[in-house]
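Q: Just so we're on the same page, the working numbering is the position in the sequence shown counted from 1, plus 106.
Incorrect hints may have been included.
[Said to hold, decoys possible] With a Cα cut of at most 30 Å, we get these calculated DSSO-like pairs of lysine-lysine:
(1) Lys720 x Lys878
(2) Lys1121 x Lys1072
(3) Lys819 x Lys775
(4) Lys1316 x Lys1264
(5) Lys318 x Lys290
(6) Lys570 x Lys720
[Unchecked claim] Have a look at the derived ranges for each label pair, beta carbon to beta carbon:
(7) Lys291 x Asn249: 18 to 26 Å
(8) Cys328 x Ser545: 51 to 59 Å
(9) Ser453 x Ser1167: 30 to 38 Å
(10) Trp1216 x Arg311: 33 to 41 Å
(11) Ser545 x Asn395: 48 to 56 Å
(12) Leu438 x Asn249: 24 to 32 Å
Hint data in this document are derived by calculation from the structure and do not stem from the laboratory. For every residue, glycine included, the Cβ atom is placed at its ideal position computed from N, Cα and C.
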Amino acid sequence: MRRSTPPHLTAYSGQDPDPTPLFVPCCAALCCAVRKDRCSLNNNRHEALLPSTLPFMARPLYWLGEQFFYAIGNTSAVSLARDVTPDQDISLLLLGCGDPRSVLFTLFSEHETATRKLDFTCVDYEPAILARNVLLLSMVIDNRDAENIFDIFFHLYLEKESLALLVSQCRILLDASMTLEGWKKSRYGSTLRMSSQHTLIEIRRHWDQYTKMHALPNTQLCTIVEAFKAAATEYQKQYHDSQESMICHTSRSAGPLMMYATEILSDCFYDFWKYGTTFISPARRSAANLLNPTFVYTQLGVGCHVHYGSDLVMPFHLAPIFGNLDTVPTRLDIMNGIRTQFREWCSAFRRYHQRGLCIVRVFFADAILGARALQFRKETGGVQTRILVCHWRAETITLDEEEYKQAPLAFDVVDTSNLDDYIGLLNVLTISIPLLSGSGNGVLYLESLLIQGHADNAPKDLTKRFHADLTVMTVLFHLCPVDFVTGYSTRSNIHELLAYNFFPANGPRRQYHQVTAWKPLRSDPPVVDSRQLGTFLYELYHALFEEEDSLTFQQRHPNDFLNALISRNRVPYSRESFVLLLKFIRGRLQIPRDQWVAVLDRFFDLQSSDSSMKMDTINFHDLCAQLHFHGVHSMDVYRWDYLASVGVFRAWAKVPPLVRVFLTVPRQKLGVLAGATPVLQAGMRGPKMHNLFSSVHAAFGVLSVMGTPANPKVSFEEDPKRFHGTKPLVISFVMPAMLLTGDGPGYDLPSSILITFAINNNTANTVHYAGKLGLHLEIHSAALFDSNSVLVLPAEQPLPFAFSANINVTSTSGQIGSRGPISANFNEDCDLVESFSAKITVEDGLARAALQSAEAVAVRQLSHNIIQLMLGGRTQEVSFPFPIVGAQHRLRLARKSLWIEVSEIHPLSFLRIDICIQIIVPLRSSFTQGGVDINPFPIALDGLVPWSVHRVNLERLPVLNLKSSKLDQWLNVHVTAAFSEREARARKDKGTDTMMFVKDTIHSIIVQASGIQPKGSSPHRIFTLLDKETNNCDTVFLVDQLRFDLSAHTIVCDAFVLPLSDERMMEMIMIDEQNLAKLLSQAGQIPVEPGEVKSWKQLLPALVERCRTWKHRDSCQYASEGRVPLTTEMEVIPLCACGEGQDVQRMHDVPLWKPFAKYCTRIALSPLFAVSYVENVGRKDRSCCVCRAKAPFTCPKCKKDRYCSTVCRKKDWDRHRERHHNFWEK
């Protein structure tokens, strides 16, 4: 991830207050198709025959004002294979890939003996990112010195030796990549692949520039160098002037030690921008005086565009560096630590390359457009996709045909970085879900850094991103966030929550790193009532675009108005993005045409009767045109066979429903946009009409008319310098042809129509631009008949809608009978899903007889979303599209007509659980007594991958130093933070909550195994679970070591579990009765509450599976018995025998443990954290010792005084320092 920024420091109305580049600035290139299959940097003329490009403008058009280059990632690396089975090859798609840290760390995290292949496809819209990545990986393949590689990739300034290596390596790469075929045959081509010819061309262009920069004329080179020096000075000044001298975002990678790392890492940050290196030695700092060309050349031009928050420590894992020392690490400690990590990652990549087990395929494309191109190839088999490569450019994507004969198009893992912050959550989901593997085991990762709600009211944030209820959206998407369903996460973001609340809410914009893993639940898509779905979709539409009417929005959302005002220029959705969302939902739910027409009829009925969104009227034709263009829905007027061939259409034999309008904008008119990032739009207006169109294609160049008036064509010569060139801007957009005919009541005559290019007219933009541009905020306009500025052509043909193969499936057979489709039922307001229902027609003879003889139908819940019906000795499972509360089911039986209707409810919403009787159940019922009595730690039998617990390679996790004198000051705080506010209250009040009990037991094991509790004690290594109900122990834990789970920012116990049964106890007594007695006598007994033993039996298989390095046998009991765990009964072993005695070598080093090693299985036990967007996490705020405001945080060093912000902490520093000892000296 690399697309967000530390708090911004300057803002003015009309300009994005955070000048972070809006990733995927959805504006797009000119509608044209390149005749040649391959792009050429020397041929910028594109002659187009329509239909041509397939536009997917899922965001409005933004002017690229102040933009940045994200060369270095700003979150720590993660293993992208953490949620997939270790037993099969995997394909991984990285959208907005950024630097290769997570590719390297994923390979590093694999077991050294692993033989599976990992295939990465890395998509990025910035070719400089890809050029740097391939350069780095090629040097690793060539076994270059890791220290030099590190310097070349991370340092702004290089020593002569490193620069010479950089230039030499680039020349080798240029020689190897003269052609795409030549690259494939080179020593790099087997591992480093190119998705397309245009990708190789762009990467080569950057390598060539790297080799030549220091040979530029002295004046030119000095200008570049001075720009970097000036930028570095300004960046440091901005941070100092912001009153945030401690830079919090740089310490994110320290995880639970984040607050202790802030001060020294702030110093490292300032040093990096002062010297441009990580060197500590003054001599080496002086020697590194040659500007690194890999930071100079980007799509933004030549110069310093490196983001001001960039810091090379952020991609690494700093918790072991801070957690294992008794004193604060020095700069040298930190730099040595991250260089060691980098060296280990590189070694892992080189091993994978040498063994032929890794492919890294790079793909230069915008994330949305690249994903659409892959989907095009997947659905059609074609490689000439006619989809744009990147916005503000005119090339289209042609995938390499040979490469994509075998390259994956459905992925086990899709990682989307923090695209959510820039292109919107709904857009991210609609482009990524279609590329997810259909095996049912795929995982989609979403991240965000810029919170839109409030961290102390976290549920609001995710709902705000969806603009609708989370449950409804996940039902429609047929994919759900795992921690939302389970109510816990094995990944900690507690440090993020603490840091977010530590800084003042009215200060510079804060960050909050939120990661969610999304997985499918195995079920058919639900059937939704047309009227209900149409109502919900209109409410969603209203929520997406209601900010367009400032006064209405202020009245409805008075608390959000100011935030909406300053963030209006970051709106991620256009009418086209909403249309593409509709298309996605229809395909996901497999809605047939007749029902879909009814859905849209309801939508338009509501729209026509809603007068609250005045601006929606001038966007109406934009919506209708996009619906028709994408084949989603056509208004009756679009089905007319005839439009008058008048005006601009006078030479056309037939006028289609849609036309594409081109407008040439003189470059000098664009100066008003300098340094800003406003939303731009096209339009047409006259004395009577005004219509806006937000899906605008734009590119710099010259448009030439070809063909004849009856059959017009265009040729476009693109300006290769784009924003820095001399040619004008050409925009194009699709609109209804009827608006240009003048044929209709209220229509303007064609001679009075103007085609316009304008800034989005919101309050902030009006204040800033109206004095310069007028109230319409028009940058440029031209008359429809101005042939020098305006051209109208037939638009592309509507895109057909692709139904899935099983769209007409209406029933599923089982032992009892045929089940009809699952119905999802909304509440009265159509904003929540209240219930699911399914109807089973009883067909089996025994079941029919049982039902007619009044036998009761038994119902049992098997998993989060599956129930089992039992009737007449027959059983049948019903899978619902989201988790349910099976215990609160209701049955309606027709014993004569022989059908059963089952109504199920969702545990996370207000639900109606009976067809005839409406019942309301509490929100989040899975967290209250009487909740869902199912396995909260499910494992799928195929692949045996824990559904809700991520995998780890214990051997790759650093060992926690239990002798660190500061361990007790952060570890207990960390593991205690696993409890939500609700659980903490229940724990204090001795309440009953099984998940809270499990968390408390884990807490006890960790604090005792680390030796921090009881205070002054030694680490305890053996534990038994004592069931209070029976006073028996049947589970023994032997804790070997505590380790840092790096990417999850937590601690994990590397341990072994010894499950006991009567038979096993007798066998162990026969082997070594004396040592067994000694082992049990040394065990610390941890009392577990009634019912908790069952949860531990369910948890143990997940703890085993998450760290196993061995394979299950063909005779595995899980497979033969068809369940995991095998049992939840006391004194019966819940685990299969496949892992017994496997990977237990370290047990042989402990004489007392060695005799029992063959009965033990290795596990990875870690805290289960509350989910901050589901429940409130952390203690209630207490008062600041300076101003008495709410102050959730203590001094990060001594933990003595509480503050509301760094401002108050600074005011109190002198008194505080005198009163309390330094944390590291205490």
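Q: Evaluate each hint against the coordinates.
A: Right, here's what the structure says about each hint:
1. Lys720 x Lys878: Holds. Lys720 to Lys878 sits at ~25 Å (cutoff 30 Å).
2. Lys1121 x Lys1072: This hinted pair holds, its Cα atoms lying about 13 Å apart.
3. Lys819 x Lys775: 27 Å, holds
4. Lys1316 x Lys1264: Given pair Lys1316, Lys1264 is violated - Cα atoms ~58 Å apart, limit 30 Å.
5. Lys318 x Lys290: 25 Å, holds
6. Lys570 x Lys720: Distance of about 23 Å is within 30 Å: holds.
7. Lys291 x Asn249: 18 to 26 Å: Because 20 Å falls inside the window, the suggested range holds.
8. Cys328 x Ser545: 51 to 59 Å: Since the Cβ atoms of Cys328 and Ser545 sit about 57 Å apart, the hinted range of 51 to 59 Å holds.
9. Ser453 x Ser1167: 30 to 38 Å: 44 Å, violated
10. Trp1216 x Arg311: 33 to 41 Å: Violated, since Trp1216 and Arg311 (Cβ atoms, about 48 Å apart) do not stay within the stated range.
11. Ser545 x Asn395: 48 to 56 Å: At 54 Å between Cβs, range holds.
12. Leu438 x Asn249: 24 to 32 Å: 26 Å, holds
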